[in-house]
Amino acid sequence: MKNHVWRPLFIVLAIVGGILITRTLLVPSDFGIWERGYMYGWHRKSNEDVWKKYPIKYKTAKVCAECHKDKFNDLKDSPHASISCENCHGPNYNHPKDPLGLDIDRRRDLCIRCHAYLPYRDSARAKIPGIDPQKHYPTEECIMCHYPHNPKKPNPKHHTAGVKP
Amino acid sequence: MINRREFCKKTMMIAGGLAIPLTALEIFDPRRLHAEKDGKEKVRWVFLVDINKCVGCGLCVKACKIENDVNWDANVTRTWVERYVVTKDGQVNIDSPKGCRDGFTTQKIDQAHIGLKEIKPEDIAKGFFVPKLCNHCENPPCVQVCPVGATYQTQEGVVLVDRSWCIGCGYCVMGCPYGVRFFHPELHVAEKCTLCYHRLSQGLKSACVDACPFGARRVGNIRDPEDPVTKIITMEPVNVLKEEFGTKPQVFYLGSSKEVK
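Each protein sequence line maps, in turn, to chains A and B.
Position one of the first sequence corresponds to residue 1449 (this note's numbering), numbered consecutively onward.
Position one of the second sequence corresponds to residue 3 (this note's numbering), numbered consecutively onward.
Isolated chain B (complex conformation) (with noise of 0.2 Å):
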């Protein structure tokens, strides 16, 4: 039999050891210090859209494909430009056929298996044409939610993903608040925009940033404060997506106005 005593004794020893946190079990690791001791690197990667000089012809996404090796039929693409309508009552009308792959020439808008859509030149209040891309976030949640380790983000803030540990579970597509993954047709594995990071690494731009002949996408180094990019983002007034979600996007957007999502 247990006595008073004892019993107390006892619950106070279970109570006290399920509150050591499980973070106080944790091998120590000294890589792991070090790491979180000179987060500050030189280099981080960040990009900048400007929407009033975008004029939808999709040459970026012709060749983010190419370069990347993104299927050029199938219906994925890593960065994508979005048309926007909005006609006088207050409408919003979002289309990007083929991710516009082939740019936007027509007027109709692409509503999907409801078909197109003809609104009239004088119903129209504003039309403008918004690339998107993966954000870079400096919280990264398709990171968290990987549970093999195979998403990561690199010192220069690029989030990539390594395609031989990834095991298609689809966390990350799903965690994703910017929709920027899908799965590689090909490979079957989370598949995203890298920045480029083979270019950026050997002093080129991104193949998207070289192909756009209005300058409307840029990339650059936030570090770097003589970097006309850095300059832009901390002097003009620019915006992020979704803000709210607290995942800090490291794509600015320069002309953004409230109908973008």
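Bound-form chain A, shown alone (with noise of 0.2 Å):
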């Protein structure tokens, strides 16, 4: 055949080589099929231990315990027992290096979150004791009356209202 007809073969064949050395050095040597086959497990193995090493926030209950025992005690047997001290007061991060103190939500939307009132008999939300935000004391804080940590009793720091609940 004629050099013409060659010509437009070598010049796919150089595109289609060019491609594959490009392709060959620009994805890391770790892409692949991996443990879930290659429908499923097709990527950078790498990329699992970045989410491994994703920093940790919340350090649980556990560790409070050590330093607040006070109020560790206080919650333990009170009803709100099983509630986390990070729900109310932020994740520990690397408390109290950093941050020194943690936030303290003295706001009615942290409680209002389980004790507003929802007519749903059977569901859990029937269980806590409800109250309506509108009408229980619409102008206060909860913790003025209601003491967090045990809301059985008082709040010790709070007696201004002068309501014992």
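Bear in mind the hints are in silico, worked out from the structure with no lab data behind them.
Since the model is a prediction, treat every value here as computed from it, not as a measurement.
Mixed in with the good hints, there may be bad ones.
Stated by the list, open to error - If you anchor each label on the Cβ, the simulated ranges turn out as follows:
hint: 1; chain 1: A; residue 1: LYS1493; chain 2: B; residue 2: ASN5; range: 52 to 60 Å
hint: 2; chain 1: A; residue 1: ASP1497; chain 2: B; residue 2: VAL94; range: 38 to 46 Å
hint: 3; chain 1: B; residue 1: GLU245; chain 2: A; residue 2: GLU1588; range: 46 to 54 Å
hint: 4; chain 1: A; residue 1: LEU1468; chain 2: B; residue 2: ALA114; range: 46 to 54 Å
hint: 5; chain 1: A; residue 1: LEU1474; chain 2: B; residue 2: ASN5; range: 49 to 57 Å
hint: 6; chain 1: A; residue 1: ARG1555; chain 2: B; residue 2: GLY170; range: 30 to 38 Å
hint: 7; chain 1: B; residue 1: LEU20; chain 2: A; residue 2: LEU1457; range: 19 to 27 Å
hint: 8; chain 1: A; residue 1: PRO1604; chain 2: B; residue 2: GLN113; range: 23 to 31 Å
hint: 9; chain 1: B; residue 1: THR108; chain 2: A; residue 2: PHE1520; range: 43 to 51 Å
hint: 10; chain 1: B; residue 1: MET176; chain 2: A; residue 2: ARG1569; range: 48 to 56 Å
What the hints assert, rightly or not - Below are the EDC-like pairs computed for lysine to aspartate or glutamate, each with C-alpha atoms no more than 20 Å apart in a straight line:
hint: 11; chain 1: B; residue 1: LYS128; chain 2: A; residue 2: ASP1570
hint: 12; chain 1: A; residue 1: LYS1505; chain 2: B; residue 2: ASP71
hint: 13; chain 1: B; residue 1: LYS110; chain 2: B; residue 2: ASP91
hint: 14; chain 1: A; residue 1: LYS1505; chain 2: A; residue 2: ASP1546
hint: 15; chain 1: A; residue 1: LYS1500; chain 2: B; residue 2: GLU158
hint: 16; chain 1: A; residue 1: LYS1583; chain 2: B; residue 2: ASP91
From the three backbone atoms N, C-alpha and C, an ideal C-beta is built for every residue, glycine too.
Using the hints, put the two chains back together into the complex; each one sits in its own frame.
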């Protein structure tokens, strides 16, 4: 065959070769088929470690006990015992190194998540004593009267309202 | 000119060549063989949701957003809680304002642009809460549709997204029958529940599991017959969502009813 027939073929081969070379240069060596096979496991293996090293923020309530024994003990035998400290005070991060203190959420929003009355008789919500946030002392923070670490008791810090729940 | 004999021979060859499946041309990869042979791993994370215990406080959503740095104010979340209110005439009302980030604090049903819907307490047949999250399917359709291999399943069954590899095409967001994927508001890549892979790998439980005061959310290893979660899944009447899709979801529901979608 004549040269003019072969020439385009060489060009095509050169392009294909170029693509293959750039592909091997660009695709990382750990990209391939891993444990879950071709359909579900085609990925960069090192990315699993990236996710494993994601920083942990919530350290669970266990770590709080050693330094805040008083609060821990208050909470332990109260109706709120099952609520983890970090739900109300935010994640621990590396407290008390960083941050030094934790968030103290005194807003009513924190309490009405669970205590706003909802008329669903068979749901677990019905087992929590409910209030109407619009009617139950709407201008005050809940903790003015209720002690969050043991809601059976009045808050020792605040007696301004003079009401004992 | 081509004669009849030549013509028949060539037709047969072309037809035969077309019939060879494409897979036969795939280059042999020993790693793949290894992968398919040793499918039995020691750990397979599964999730258990107990609808009877959920009160709709949304502390799980709060913890998830903070633990995984999902923008607090953007209306996206990796996990959310839906409220189902079924009236006596059979109507099902479902809402999840802000994904239940701040809990359910009013009886009114949030109907987005239509406004709030009031339902009289005496008309309610039942009301309950359903936490939702990625099902970490055994056959995840979102992984199959990814054109670049940016989303995948680990050997423990967790479906993850490679943030530096994702091109943001959105196929996986469309492909998920459960609607659990979205675009990360800041990174602009596909985002989803990782089952807190970082916490599980270090012996902790998922952030939402630790946050739930009522034990409505649990995570366990289905390959361990002594795991309490495994015992419940094998011995009690559990349900999965949208079983008919064939995705083999690995989030199991206790106390589910026919309204739950």
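### Task
Provide an ascending list of the numbers of those earlier hints which the structure does not satisfy.
Going through the list in order, the structure violates hints 8, 9, 10 and 16 and respects the others.
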